[in-house]
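Residue numbers (this note's numbering), protein chains in the order written: chain A, 1 to 145; chain B, 146 to 373.
Don't read these hints as lab results, they were simulated from the structure.
Mixed in with the good hints, there may be bad ones.
[What the hints assert, rightly or not] Stretch-level coverage of chain A by chain B, calculated; a stretch enters the list once three of its residues show a Cβ under 8 Å from a Cβ in chain B:
no., stretch
1, 21-28
2, 69-81
[What the hints assert, rightly or not] One side of the interface only, derived from the structure: several residues of chain B facing chain A at Cβ under 8 Å:
no., residue
3, Arg-177
4, Pro-186
5, Ala-192
6, Ala-197
7, Ser-210
Beta carbons: idealized from backbone N, C-alpha and C, even for Gly.
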Amino acid sequence: MSRRLTTDMSGGVQRGVALLLIAGLVLSVVLAAGVSFYASSSPDGLETVAADQGFADTAEDSALADSPFADYGVSGVGQQRWSVALAGLAGAGVTGVLGFLLFRVLAARSDRPTPRAAAEAPGAGGAGDGAGGNDPSGPGPADLG
Amino acid sequence: MHIPDGFIDAPVSLAAGAVAAAGVAVCLRGARRTLDEASAPLAGLVAVFVFAGQMINFPVGAGTSGHLMGAALAVILVGPYAGALSVAVVLLVQALLFADGGLTALGLNTVNMALIPALVAWPVFRLVVRGVGTARSTVAAAAWLAGVLSVAGAAAGFAVEFAMGGAAPVDPAAVATAMIGIHVVIGAVEGIITAIVVGAVAAVRPDLVAGLRGLRRPAVPVREAVPA
């Protein structure tokens with residue numbers, strides 16, 4: 001069964017998530033810092049439409065167009081390959097730090113009980129909120145082990 | 146589909162900024178309600194993956210390229226609120242760090258690429274899996290459809306904004322037709338990527354896929370479905 005990890009105690013659940021996270025992060029870094037060099041440089045859908053329909057010239061440079069990472073390169077790094085790779089790595093890193101921090105704070109301030117909190121205090125006050133009808137993902141009892 | 150500064154006039158850009166702020170506020174509240182210790186890091190990973198995926202432009206013919214938008218896979222994996230937020234984080238980093246998408250257009254881009262696609266992809270995916278089932282092929286088809294329609298929805302969002310505040314005197318109907326037409330093609334690839342990513346996570350940890358929660362009881366062994 002593909003769900004074997006969830007039958008462990010919570011340590012097993014966390015290991016399963018950790019493996020998925022590591023695999024996903026490695027894939028993301030490979031894409032952002034490696035594969036991105038081979039990305040098509042053709043205009044994207046909006047740019048094509050803007051050119052075809054004749055409003056491409058209304059585009060203005062971003063106020064940040066001269067920033068060191070502008071347009072997915074690192075100013076001062078001559079070799080295109082390394083320039084894109086460093087920009088991709090930096091972007092993935094900044095996005096990761098922002099994202100992990102934001103969602104960690106949101107989860108910590110969550111009204112619903114975390115698996116650990118629920119295990120320590122079964123039937124505690126917050127449980128009712130977490131199972132509320134507005135919650136599209138449900139309380140996820142299978143994770144409680 | 147990142148809108149640069151200048152395409153859309155200031156009033157409509159400002160209005161979109163207000164809509165984006167309100168939408169992000171709703172998502173922050175919703176994510177606080179739905180995220181837990183296991184799903185929070187997954188949402189962070191989704192943001193990183195969407196950033197990486199958006200760097201890979203693929204050719205779609207006729208000298209045009211497209212790239213993953215990512216909102217569909219984000220909302221299916223971590224729910225509509227955290228999913229929209231993860232794309233919003235990516236758009237913020239792109240605008241501030243890489244000058245990709247205008248600063249005055251950040252609200253427009255957030256509405257088009259985070260909020261509208263989340264509003265489209267989540268109900269589409271849930272309706273299909275709820276109505277048809279959670280077999281692997283059904284999940285893939287639902288994810289594909291959510292991906293296509295999310296990108297078409299984003300293109301339609303731009304078309305409406307252009308009709309309301311396009312800086313150039315160009316026929317909005319022609320722009321709408323061209324935008325949606327080309328983005329259905331790009332969306333077809335988005336759908337394939339969405340189906341592959343959702344399928345991969347669902348194969349390893351179906352319990353982590355927010356879009357499949359509350360539906361999979363028959364596939365879950367009883368001893369796991371009942372907590373000790």
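Please list, smallest to largest, the hint numbers that this structure does not respect. Hints that this structure does not satisfy do not exist here, as all of them hold.
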